[in-house]
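Q: Okay, here's what each chain looks like letter by letter:
There are 2 protein chains.
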Amino acid sequence: MDALEQKQEEVNAAGAQVRALKAQNADADAIAAAIAELKRLKVDLEKDLNALKEAGNAEAKAKEEFRAKLGQLLEGRLFYIPSFKIYGGVAGLYDYGPPGCAVKSNVQQFWRQHFVLEESMLEVECPAVTPEPVLRASGHVEKFTDLMVNDVVTKDCFRADHLLEEVVEELLRDPMLKADRRRELEDLQACIDELNVEQMSAALKDTNTKAPVTGNDLSEPYPFNLMFPTQIGPSGAVKGFLRPETAQGIFVNFRDLLYYNGGKLPFAAAQIGQSFRNEIAPRAGLLRVREFTQAEIEHFVHPEHKEHPRFAEVADTVLSLFSQDAQLGEVKKPFPMTVGEAVSKGIIANETLGYFIARCHLFLVQIGIDTNRLRFRQHLKHEMAHYAADCWDAEIQCSYGWIECVGLADRSAFDLKAHSDKSKVDLVAYERFDKPIEETVVEITPNKKVLGKAFKKDAKPVTDALLALSEADAFALQDACAANGSAPLQTENGEQQIAADMFTVEKVTKTVNGRNYTPSVIEPSFGIGRIMYCMFEHAFYIRPDDEQKTVLRLTPVVAPIKTTIFPLVNDDKLNAIAAEMNKMLTTNGISAKLDATAISVGKRYARTDELGVPFAVTVDHRSVTENTVTVRERDSCGQVRVPIPEVPGLLGRLCKMTVDWETATAGFEKQATAADE
Amino acid sequence: MDALEQKQEEVNAAGAQVRALKAQNADADAIAAAIAELKRLKVDLEKDLNALKEAGNAEAKAKEEFRAKLGQLLEGRLFYIPSFKIYGGVAGLYDYGPPGCAVKSNVQQFWRQHFVLEESMLEVECPAVTPEPVLRASGHVEKFTDLMVNDVVTKDCFRADHLLEEVVEELLRDPMLKADRRRELEDLQACIDELNVEQMSAALKDTNTKAPVTGNDLSEPYPFNLMFPTQIGPSGAVKGFLRPETAQGIFVNFRDLLYYNGGKLPFAAAQIGQSFRNEIAPRAGLLRVREFTQAEIEHFVHPEHKEHPRFAEVADTVLSLFSQDAQLGEVKKPFPMTVGEAVSKGIIANETLGYFIARCHLFLVQIGIDTNRLRFRQHLKHEMAHYAADCWDAEIQCSYGWIECVGLADRSAFDLKAHSDKSKVDLVAYERFDKPIEETVVEITPNKKVLGKAFKKDAKPVTDALLALSEADAFALQDACAANGSAPLQTENGEQQIAADMFTVEKVTKTVNGRNYTPSVIEPSFGIGRIMYCMFEHAFYIRPDDEQKTVLRLTPVVAPIKTTIFPLVNDDKLNAIAAEMNKMLTTNGISAKLDATAISVGKRYARTDELGVPFAVTVDHRSVTENTVTVRERDSCGQVRVPIPEVPGLLGRLCKMTVDWETATAGFEKQATAADE
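If you're matching them up, the sequences are chains W and D in order. For the first sequence, the positions run 18 to 694 when the numbering used here is used. For the second sequence, the positions run 18 to 694 when the numbering used here is used.
In short, the hints are calculated from the structure, not lab data. Do not rely on the hints blindly, as some may be mistaken.
When chains are identical, the list treats them as one kind, so a pair holds in a single copy or across two.
As the list claims (entries may be wrong) - In silico DSS-like links for lysine-lysine, alpha-carbon gap of 30 Å or less:
no.: 1; residue 1: Lys398; residue 2: Lys452
no.: 2; residue 1: Lys227; residue 2: Lys160
no.: 3; residue 1: Lys600; residue 2: Lys590
no.: 4; residue 1: Lys610; residue 2: Lys465
no.: 5; residue 1: Lys64; residue 2: Lys362
no.: 6; residue 1: Lys102; residue 2: Lys281
no.: 7; residue 1: Lys350; residue 2: Lys195
no.: 8; residue 1: Lys477; residue 2: Lys527
no.: 9; residue 1: Lys86; residue 2: Lys281
no.: 10; residue 1: Lys349; residue 2: Lys527
no.: 11; residue 1: Lys600; residue 2: Lys673
no.: 12; residue 1: Lys470; residue 2: Lys524
no.: 13; residue 1: Lys172; residue 2: Lys256
no.: 14; residue 1: Lys620; residue 2: Lys474
no.: 15; residue 1: Lys600; residue 2: Lys281
no.: 16; residue 1: Lys160; residue 2: Lys362
no.: 17; residue 1: Lys620; residue 2: Lys281
no.: 18; residue 1: Lys527; residue 2: Lys281
no.: 19; residue 1: Lys160; residue 2: Lys256
no.: 20; residue 1: Lys434; residue 2: Lys610
Please read these numbers as outputs of a predicted model, since none were measured by experiment.
Build the full structure now, drawing on both the sequences and the hints.
A: Printed below as a string of structure tokens:
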């Protein structure tokens with residue numbers, strides 16, 4: 018029980034005391050004293066509650082200010098902006114402007130390098146427009162829904178869970194709430210995402226949830242499919258959807274991909290592309306949008322051999338794990354553990370899943386996600402689909418809370434089996450046994466000649482019925498025929514009388530060299546936009562000396578360009594050197610941008626800081642006389658003077674992140690920070 | 018008149034002669050002789066017609082065989098495959114498999130390098146889901162249609178122009194066709210793409226076009242919109258479409274992009290992304306699909322200053338130009354001309370358009386398009402939109418004919434004006450005059466005090482009417498008031514009597530420093546899939562010595578990987594060197610793939626040839642003793658022995674295409690072609 022709850026109990030006890038004294042007709046002084054005590058306790062509780070509320074308000078206000086400042090930078094510098102702005106925009110649709118586009122391209126390129134190329138994955142590109150049967154097989158047509166409610170008067174649409182969440186939060190903010198009701202609401206709050214229609218309906222009534230703004234009654238909740246519907250072709254007969262994920266394109270191509278891979282397992286296929294979700298009420302900027310870039314991997318593996326050949330390379334990676342036990346335990350906090358230990362202890366289900374969790378961790382850290390605000394949360398039993406063997410989300414903390422940015426799931430054979438069932442095409446791999454095995458099977462052999470003679474055109478149903486008999490039934494029929502000369506058999510065309518000479522049943526031993534099986538799939542699925550937004554939050558800061566100086570601490574891997582080049586003043590000689598420098602860096606694969614605008618270097622530094630450019634090269638008068646330039650690092654604002662021919666090498670090393678600034682520049686002349694900075 | 022037409026005329030003449038002789042009751046021998054001559058001429062004509070038909074059939078068959086072989090390679094090696102194949106596929110939707118995905122990524126990356134980075138364009142990424150008003154403003158909701166007809170019995174849908182085209186072709190194949198009817202049909206054939214509803218209806222009737230297969234009557238033609246429709250949000254109230262082109266995303270962001278560019282013109286924005294067209298009857302593989310990648314540039318420029326600062330760099334580029342005059346002239350053939358001459362002669366409208374045509378030519382040639390099968394065709398006057406200043410298509414010849422792969426248009430101010438009109442947001446740039454100019458304007462100044470007193474609450478409409486007067490009307494009113502003391506004025510609330518003291522009119526001279534104007538836009542628009550398909554056709558050949566050996570002559574720029582690495586036999590030492598080689602090349606940015614499968618090197622070469630890999634490194638026993646490997650070039654099959662440390666340098670030079678194979682390998686030991694090749 019926390020301090021507040023205790024005080025609440027004391028107030029309740031004091032109230033009871035006053036009532037008891039009054040009921041007993043006690044001494045007036047005693048009653049007065051009890052009332053005074055009750056008042057004192059109430060005032061004290063009130064003070065605590067106000068302080069709590071203010072602290073909450075202050076925190077909320079700080080977050081809002083932070084987001085406003087970051088948003089000002091990101092939208093102002095066109096990292097991203099609401100789409101179709103001149104037409105009033107559309108919720109949940111965003112454009113990436115030039116620097117955002119460059120950062121996104123870098124994130125995707127690094128993802129391709131880190132996963133696809135490093136592991137020789139098979140990359141594919143499939144269309145977004147998808148015919149209905151594919152998404153019916155995958156379960157999306159039936160189950161990819163959110164619960165919706167309408168304002169019964171205005172008909173406005175709302176997500177039921179959003180409304181319920183807000184009301185429950187509001188109710189929980191009431192300090193006078195009874196303890197058992199509080200527990201009830203807290204339990205509800207924990208599972209709002211997973212309520213079915215009936216549970217949601219009950220919860221909305223229980224909490225007396227009304228439409229926001231109008232306060233009108235709400236309709237019963239009902240499922241709304243989140244896929245954008247469309248029609249393929251002119252007749253309107255072929256129903257389609259925009260894909261809600263890129264994964265299905267890989268599953269339906271499994272057979273061709275397996276063939277391309279020489280029939281060998283394991284292998285992984287990958288796809289980067291747009292996915293679409295027609296969210297009911299998009300909010301939270303890039304975190305919940307209607308069109309977004311996904312990068313998905315489907316790693317196909319033998320269901321009984323989920324070891325990974327490169328697991329040893331990542332086994333020592335320390336992860337922040339928020340396992341099922343940790344979530345259900347007393348402390349409810351993630352713990353650090355190497356992935357090797359987590360797999361060996363069975364916390365993570367298998368090596369391949371563990372391998373991808375570790376590789377995902379390494380990817381996120383290298384693009385600039387703060388490890389202290391990154392955790393891997395295991396899905397609880399009731400969150401997981403029945404077929405899933407294990408499932409973890411990479412969650413990144415930002416001002417909106419802990420955000421699911423990557424899903425890593427062992428989906429067993431579900432997807433391939435689902436598509437195989439619906440398409441009637443086998444999606445299996447073949448395994449050759451180490452040694453051929455002997456298998457005893459029961460063989461039923463209909464005697465076609467006798468059957469044909471006896472049943473004429475009805476011979477086929479009889480034959481089919483014979484072949485469909487179970488082992489036990491076949492022998493029973495044989496025994497009955499042996500005993501009675503003939504016996505009845507149920508066929509498609511009714512019961513028929515079967516004679517002993519119409520078939521034989523025998524046990525046969527066969528040599529089997531291998532078998533077909535449906536592979537398991539391990540699926541790491543990345544939401545590029547969400548990761549980018551969290552990355553921007555982690556990269557954003559304000560220089561302590563100046564409220565106006567905002568900076569994006571983007572790593573060289575993702576920065577939109579690696580360096581800017583400034584001629585100190587507008588001078589032909591300086592401009593020529595700067596242009597030469599620009600060409601030299603670009604040729605060496607270091608993306609650079611020349612900024613020769615006639616404003617102070619300090620202002621140009623500020624501009625480059627906002628774009629997250631890690632380095633700046635300034636050409637000054639000593640460049641002309643000494644053939645040197647200064648190189649500045651964004652975060653430390655450290656500056657060194659470097660001979661021009663050495664600049665590409667220095668920046669190349671720094672951009673590869675193999676060496677830090679202090680070490681890399683140890684041999685160069687340190688420069689004082691420019692006066693105008 | 019061609020030889021065939023002449024023979025046809027001779028037959029006609031001989032027929033007339035026979036009829037004439039008969040009418041004259043001429044001598045029987047003379048008639049017999051005339052009949053014999055007619056027969057001879059007919060037989061001769063028949064022979065020619067059959068030869069022509071056979072030649073046509075042979076050509077068609079050769080094309081089909083070529084396409085079948087190429088298709089076998091491209092689909093067999095998963096360059097691309099029909100999407101959702103296990104569900105029977107959907108016409109016009111294709112997946113790129115691993116090598117296709119790599120080639121596509123290389124084409125796009127090179128496009129980005131050649132255009133976006135080289136010219137510091139502003140790259141953006143906008144959503145595919147687009148609200149209706151945007152596409153209404155652009156004209157797509159009303160005009161982005163194809164004419165459709167239905168089989169009146171089965172209701173099957175067809176593209177009217179496709180059916181008409183087939184029927185016209187069939188009719189023209191009839192050798193006995195009258196000359197004037199032939200000319201009529203040829204004229205129709207030339208403009209089938211551009212018929213409006215009424216013209217199409219007439220043409221279908223005139224040619225007696227019926228539904229294919231069934232032979233049923235057709236409905237009247239009607240326009241079918243080619244955009245995929247969808248709905249945004251849960252209420253169904255917000256209508257949307259999948260974008261039919263990426264360009265609109267740039268236009269609607271013009272204001273922000275101009276601001277980002279410091280308010281300066283000219284500048285270009287670019288976007289690579291998916292576009293969607295719900296084709297009525299997709300055919301011709303990757304050439305006409307329902308979802309495809311576009312790469313578009315919008316270069317914004319002052320309408321009176323379409324010079325380009327870098328034009329001199331491309332002025333000497335020789336293009337194959339199929340200008341309006343060439344198309345309408347006698348010869349109907351493109352001609353070679355430098356872009357410099359074409360612009361100076363006014364054949365290409367301006368330098369900026371010429372610059373992009375030349376850059377487009379260079380791009381296509383570098384990715385492997387055969388210059389002899391590339392031409393730039395100017396749109397004829399009636400093909401061009403009324404607003405377009407000039408328009409050229411890069412057309413590439415393949416087995417389907419000349420295919421429009423890139424459109425290059427000077428669209429003047431149309432797009433920005435259209436969006437400005439509909440969105441009510443100014444999409445303009447500001448130009449500062451070199452010298453401020455003096456402008457004389459007429460100023461009407463209502464006397465508010467007097468008006469207020471006279472008209473009370475009606476003063477506003479009167480004031481508005483005064484301010485809305487033209488210069489001439491204002492002076493006329495002033496004169497009338499001066500003459501008569503007052504004069505009538507038409508206002509929103511009817512006629513009012515205006516007195517002389519209620520307003521003044523005078524000419525004022527003002528200094529104007531600049532003005533707002535709507536920029537022109539020059540739009541190069543690339544269809545990546547079409548270009549790739551033509552590139553594959555140009556790259557495909559069969560080795561003369563073996564029907565089975567098919568090769569893709571892909572340039573190193575676009576090849577899916579640059580080199581394969583083969584250990585000659587499966588041996589630990591060789592495998593180790595091969596692995597080391599692989600790492601060495603990859604580190605040097607040369608994408609490589611190790612192929613250690615236990616099949617002959619010849620077979621492995623054949624496999625790598627089909628994937629279009631330009632080089633192959635073979636590790637053999639001399640690699641162990643001498644530290645050398647052999648390097649093989651795909652098309653010449655030439656092989657040289659190279660010291661291992663020199664391999665990355667050699668391949669690097671070859672992949673940059675700065676030096677040819679013969680020159681690059683001059684210093685190395687030539688190897689005989691392997692026996693098993």
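Q: Does each hint fit the structure? Answer for all of them.
A: Going through the hints against the structure:
With identical chains, the CA atoms of Lys398 and Lys452 are never at most 30 Å apart, being 39 Å at best within one copy and 76 Å at best between copies. Taking the closest pair of Cα atoms, Lys227 and Lys160 come within 30 Å of each other only inside a single copy of the chain (26 Å); across copies the shortest separation is 45 Å, beyond that limit. Taking the shortest alpha-carbon separations for Lys600 and Lys590, only the intra-copy value of 16 Å comes in at or below 30 Å, while the best inter-copy value is 43 Å. Within a single copy, Lys610 and Lys465 get their C-alpha atoms no closer than 84 Å, and across copies no closer than 56 Å, so neither meets the 30 Å cut-off.
With identical chains, the CA atoms of Lys64 and Lys362 are never at most 30 Å apart, being 48 Å at best within one copy and 87 Å at best between copies. For the homomeric pair Lys102 and Lys281, the shortest alpha-carbon distance between copies (21 Å) is at most 30 Å, but the shortest distance inside one copy (50 Å) is not. For the homomeric pair Lys350 and Lys195, the shortest alpha-carbon distance inside one copy (27 Å) is at most 30 Å, but the shortest distance between copies (90 Å) is not. With identical chains, the CA atoms of Lys477 and Lys527 are at most 30 Å apart within one copy only, with a shortest distance of 27 Å there and 102 Å across copies.
Within a single copy, Lys86 and Lys281 get their C-alpha atoms only as close as 52 Å, which misses the 30 Å cut-off; across copies the closest is 27 Å, which meets it. Neither within a single protomer nor between protomers do Lys349 and Lys527 lie at most 30 Å apart by alpha-carbon distance, with minima of 56 Å and 74 Å respectively. Taking the shortest Cα distances, Lys600 and Lys673 sit within 30 Å of each other both inside one copy (20 Å) and across copies (17 Å). With identical chains, the CA atoms of Lys470 and Lys524 are at most 30 Å apart within one copy only, with a shortest distance of 27 Å there and 116 Å across copies.
In this assembly of identical chains, Lys172 and Lys256 lie within 30 Å of each other by CA distance both inside one copy and across copies; the values are 27 Å within and 18 Å between. Taking the shortest alpha-carbon separations for Lys620 and Lys474, neither the intra-copy value of 94 Å nor the inter-copy value of 54 Å comes in at or below 30 Å. Only between protomers do Lys600 and Lys281 lie at most 30 Å apart by alpha-carbon distance; the minimum there is 23 Å, versus 46 Å within a single protomer. In the homo-oligomer, the alpha carbons of Lys160 and Lys362 never lie at most 30 Å apart, since the shortest distance is 34 Å inside one protomer and 64 Å across protomers.
Within a single copy, Lys620 and Lys281 get their C-alpha atoms only as close as 58 Å, which misses the 30 Å cut-off; across copies the closest is 19 Å, which meets it. Within a single copy, Lys527 and Lys281 get their C-alpha atoms as close as 26 Å, which meets the 30 Å cut-off; across copies the closest is 81 Å, which misses it. In this assembly of identical chains, Lys160 and Lys256 lie within 30 Å of each other by CA distance both inside one copy and across copies; the values are 17 Å within and 24 Å between. When the C-alpha separation of Lys434 and Lys610 is checked against a cutoff of 30 Å, the pair qualifies neither within a copy, at 52 Å, nor between copies, at 32 Å.
The structure is inconsistent with the numbered hints 1, 4, 5, 10, 14, 16, 20, although it conforms to all the rest.
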